[in-house]
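Keeping their order, the protein sequence lines are chains A, B and C. According to the working numbering, the stretch in the first sequence is residues 793 to 1094, in order. According to the working numbering, the stretch in the second sequence is residues 79 to 499, in order. According to the working numbering, the stretch in the third sequence is residues 11 to 306, in order.
Bear in mind the hints are in silico, worked out from the structure with no lab data behind them. These numbers were taken from a predicted model, which means no experiment stands behind them. One thing to keep in mind: the hints can contain errors.
Here are the simulated distance ranges between beta carbons [unchecked claim]:
(1) I42/C <-> R1085/A: 38 to 44 Å
(2) I937/A <-> V286/C: 24 to 30 Å
(3) G998/A <-> V286/C: 36 to 42 Å
For glycine and all other residues, C-beta sits at the position ideal for the given N, C-alpha and C.
Residue strings, one per chain:
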Amino acid sequence: MAAAQGALASHRRGYYLYLVPGALGFIAIVLVPQIANFVLGFTAWKGVGLPRWVGLQNYQRLIGDDQFWGSMIHTLLFMISMTLIPVLIGLVLAALLFDYIRDQFGERISSLFRAGFYLPQILPVTTAGVLWGWILNPLGVVNTIFKAIGLSPLAQNWVGDATWALPSVSLMIVWIQVGYCLVVFMSGLSRIDPSLYEAAELDGAGWWQRLISITVPMLAPEIFVVVLTTLIASLKVFAPVFVLTAGGPDNATLVPSYLTYYHFFTTQRVGYAAAIAVVQTILTIGLAVIFLRFQARQQAQE
Amino acid sequence: MTSFSKLALVAATSLMLMSGTALAQQKTFNIWWFEDPASSEGIAWGKALEEFKGKHPDVTVNFQQKTFQQLQASGSMILNSDQAPDVLEYNKGNATAGLVASQGLLTNLDDYVTKEGWDKILNEGDLVLSKYDDKGIYGSGHVWGISVYGEYVSCFYNIDMFDKAGLKPPTTLEEWVADMDAFKKQGITPLALGAIDTSGQHLLASLAYTKADDTWIQNYQGLKAPLDGAPYLFAAQTLVDWVGKGYISKESTGMKDSDAALLFTSGKAPMYVSGTWNLGNFASTIKDFKWGQFLIPTPKYSVGSTGNLWVVPKGAKNPDLAAEWITLTLSPKYQTELANDGGVAIAADPATITDPVGKNAAAVFKEISDKNGLGFYPDWPVPGYYDVLNQKDTGLFQGTLTPDQFVDQIKKVYDDAQANQ
Amino acid sequence: MADAALSFDESSTRTASAHALQRRRSPFRWAILALLIALMAFTLFPFALALINAVKTGVDYASGGPLSIPTTIDFSALRKFWDIADFGRKLWNSVLISALVAVFGVVISLLNAYAIGIGKVRGSRAILVILLLGIMVPQESIIYPLYYMAKATGLYDTQLSVIIVFSVLQSAFGTYLLSSVLGSFPREIIEAAEIDGASRWQVLWLVVVPVLRPTLTVVGTFFFIWTWNEFLIPLVMLVSNNNQTVSVAMGLTRGQNLSDPTLSAAASLLGIAPTVIFFLIFQRTLTRGVAVGSVK
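Produce the complete structure using the sequences and hints provided.
Structure representation (structure tokens):
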């Protein structure tokens, strides 16, 4: 018994070698810079010259910084557009394309749709910002269309009005995110045993019932990965805000990453920016740990 | 080993070799700027560069077109490395040129000022933004950079629309308001504005400068005292009033400068307040109507300044050549060239300028500069104030902030920076 | 062999039988198709916007704005951007950097995932959590340290620095994905190979990699595209124009105060065209193996 365990342990030990390149890279590129950033959080520094130790001053400032707290609340809202909505749309679309369009119109049409919905994912987000700026500005596409079809009361100042700015940025984010969810879900679907669907269909289950009772449970691992990665991404949303609203109007769309960028590169308060980034990192780690715990428990139950 | 990893190894090695080949034998001179190649500065300097190359056949002159973004995000990092060029265009102001000067990353140009005769071409006012003290505050200390062009904010107007409405460009604030009211009565929103961009805060500052005297400007730009909010309160009240009367659309909070400029260039809005950097674009794209510019009526100060600086990094190998380059761009030939390309020349003989746009711009700039009327930009005193003003501006335009709240909020940021400088 | 696990044999039979079942509901199917086409038109609309404005003249834009249909097709904005950006060079740089990151990133991910998924090394969950940090950290926060490290090692302003940084950052996600795929890799196959005397290294390259190839391609494709679109780190690390990438060059059109909309559109179009082409070539493989447990 003990010998067998010993053999297993040494068997496993051999695999550690394979972690060496990844570990070295990780230490150099992520760990050391993160530690450096953590230390910088206790200093006042302008990016050049010598940092000056200020202790907890940056964190004290942070606690009283309305901009920071506002940005955290916006992050919670962006979780909806970054995760919840794209996952739901992605699920329905994936099921539609896989389970309906492919049967009715064939594989080609279905992959054409998949490719089309995925395209926004590969667009550099700075470019997306320029294009969506044209669409959402007060004289842009949306309002022009509303006015042309006689619905001018619906025309809004989409990115310039505090009420609409956050939903508008969210719309662009949803546009970007749906493709990612769709592609991952569709590939997961190819693993589901088709006989499950046929049986359900023979039992008289409609399309929607099949989605809820077969597709969603079977796609649990994919849903899990997508939710985790998009939630993490929502904590560091930056580019869509940067290019569309620059955090405005009057900070209505400010997010933590924009705040750190602003202090890192504009005000050159590198120490303070580092402190905000530390808080952001800690929150992210917390979120990931909770999720992975949850995943472990699920797997243990299976 | 698989073919995959072999390929990768070869590629990696060749990369390292590539970076090694940059060490050329001949004397090289590296020069960077980030002005758009189509801008007046880009065109004029491009021509100067050809002449410079011709004068120095023994030197390999390498020019690189940079972007504003790159210098904004990593300018100080570049200057703090051995990758910096011999001479480059750098953003003026305390947070940029001042910071790198105070950190010892630039070459002191004091000696060249007299040696190259720059002091004879540029007046004291033109050199204010060249000097930074050891804390990086402009106005005194050594000379760290030289500006060879100017900028100012004015109101661009559509001459055809003014003529049709029987209006004249205003010389007082009251006349300006009357002009706007006349347009409004005809159902035209008179003033195009990008409130989330520079033009919003430049209009705000222009209005504030109608109530600004020498002391206020010096205190404000020098971060010398807590903010006296009175001029800003007047500006904020005026803007809210104008939005209420429909002189400025509430929609401007969703517009960038390029959107607002489009309203002007497409003939939809008769007026647009912005800087001289638009001149080149307007000259080339407006074909359907005549246009001009008038200064916003203020007692003395206009929003504007000398342009970005030529700076010489600390480790530059050819400071003499760099100085020669600066002298070349300041020479009458290239100052006239700049003006003829529609730019704001700082030292050109007006008689030699043929382009009407550039001629007018050079004259207006000289007029402001001669009365020491450059009030600089409102975001200069505090690093990051640009974003603060934009954010609070939009609050004001939207009606979520009252003028009093607006002034309180920008004062809080200003006073915080003033107390902790 | 194991490839069968990834083939579409079962699903194609399913298509045939399901087809028979559903063919009857045809009136409804056109409604669904129309809905999807409308959604797709919405999705692709911004691309069309880039296209029509890239071929407009500045004067045309100044009078009609971004929504008007161009009166003439004009390639001068495209040509101008190509020239001022030295686009050919940037294209080559981006291809080189993105491709090498895809290769190195996949190799690192694979090695990590082999140890975690197949080797089940102790603490693999902790390793995964720590690795995930790699994709979580806000990039801005590691820029200053990375800059000083690159300067110290002489890698500042070399493409190698960007390649190393992104290979490591991307491999965090790759490790996570591949670990769960390999976690459910059929043990019998590996045991059989080991009984035949294959070493661990051989098992990896001769048994695991062939089975995993579609998944690896997909992961590599993602890495390529993500790296292509990266902006901030290349902007800071690559000083010389000769080393810069396409997405950095696109910043050329957004000056301090100046912006030329047709040039922006031209930049957008030239910036996205390569990834779109790349994507269209590889899009078929995208669904073939990306699934978290596709080998199950």
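Results of checking the hints against the structure:
1. I42/C <-> R1085/A: 38 to 44 Å: holds (40 Å)
2. I937/A <-> V286/C: 24 to 30 Å: Hint holds: Cβ distance 26 Å, inside 24 to 30 Å.
3. G998/A <-> V286/C: 36 to 42 Å: holds (37 Å)
Taken one by one, the earlier hints all hold for this structure without exception.
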